[in-house]
Structures are given as structure tokens and as C-alpha cells.
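Peer 1: Sequence:
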Amino acid sequence: MLSYKLAVAIKQANPQETSSIEVMQYALNIILNSLLIVIISLLIGWFTGKLPDTALSLTSFALLRFFSGGRHLKTAAACNLFSITLCSLLPHISYLIQDYLWIFTTTSLMLMLVFAPNPDVNAQIPHHLYKWMKLVSLLMVTSNLFVSSSVIGLAFFAQSLTVITLKNRRSPQ
2 MLSYKLAVAI KQANPQETSS IEVMQYALNI ILNSLLIVII SLLIGWFTGK LPDTALSLTS
62 FALLRFFSGG RHLKTAAACN LFSITLCSLL PHISYLIQDY LWIFTTTSLM LMLVFAPNPD
122 VNAQIPHHLY KWMKLVSLLM VTSNLFVSSS VIGLAFFAQS LTVITLKNRR SPQ
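Going from the sequence shown to our numbering is simple: count from 1 and add 1.
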């Protein structure tokens, strides 16, 4: 695996001032998977003539996900495939919702209001930041009521679906 080889090379280059190979491999996996999603999605956008909208889709989805959290798929490969498909497809279907954009945006807003944030348990985000994460998520989604971008609207809608949880949630104090 590339992340393991890179981690070993980094460790060998500077054994005293680096983290363990396992920690570096984990971090490098995240970085490499993210790069893979971005590069392949942008290449698809370029080949299909939708590069700016693909970049907008990627950025909108990723920024909202950063603040709102959301469910994870079981494997990195599934996540990569889903993310590439989603961010490459949205620019091509966004015209379909133009007349219904306000419905998608207000639905996203309601989902964020009820379920965000839904952070990854490994992120170890202090609970006192949850209200700010929710506020930023709500402001981001609300901004599309003024921007009126169907690409952003679909990206936000797709991301808002990932924060839904049917488990009995305890609200952080």
C-alpha cells in the first residue's frame, strides 16, 4: 500500500521527529484518498466540459461535510467511488432541480437544523463546539437561498442526507 511505503520512507528519513508508522499511514491514507477523489472528479469534469461545476460540487460538499459531519461508508473504496460518482454527476443533473431549488435548500436546512452536527467519533471534537458547527452548517445552507446555485443546492442536499441518524441521540451539554 502506498501510504505504508510513504510512512516507512518518512520514518527512515527522520526516525526521532516523526510519529509512528501506523499513525502516519492512517493520516496518509486520508490524504491520498481525498486527493484521489478530487483528481478523478476534476478529470471527469474536464472531460465532460463541467470542470467549474464539478469543482463547485466538490467544494460545496466537502465544506458542508467538514462542519456538519455525516455517516461514513464501510470502506475507503466505497467512499471513493460514491464521492467521485456524486461530485461528477451533480453538475450534469443540476438543471433538473432549478425550478425546485428552494425545496431542496429548505429541506437541507431542516435536516441540518435537526441532525447536524453528526461528527465522526474519531474526530474527538469538543461538545462545546457543536453549536458553532451547527450554526456554520445552517448559514452555509441558508446562503444558497441567495446564491441560487442548483449545483450547490444538490451538493448540500446530498450532504444533508448523510447527517440523518435514526439512533437515539443525546444532545451534548
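Treat the hints as calculated values from the structure; they're not laboratory data.
Hints are not guaranteed to be accurate.
[To be verified] Derived DMTMM-like pairs: lysine to aspartate or glutamate, alpha-carbon spacing no greater than 25 Å straight-line:
| id | residue 1 | residue 2 |
| --- | --- | --- |
| 1 | K51 | D100 |
| 2 | K168 | D100 |
| 3 | K135 | D121 |
| 4 | K75 | D121 |
Peer 1: Indicate, hint by hint, whether the structure satisfies it.
Peer 2: Hints versus structure:
no., hint, in the structure
1, K51 <-> D100, "holds (21 Å)"
2, K168 <-> D100, "violated (34 Å)"
3, K135 <-> D121, "holds (14 Å)"
4, K75 <-> D121, "holds (13 Å)"
Going down the numbered hints, you'll see the structure goes against just number 2.
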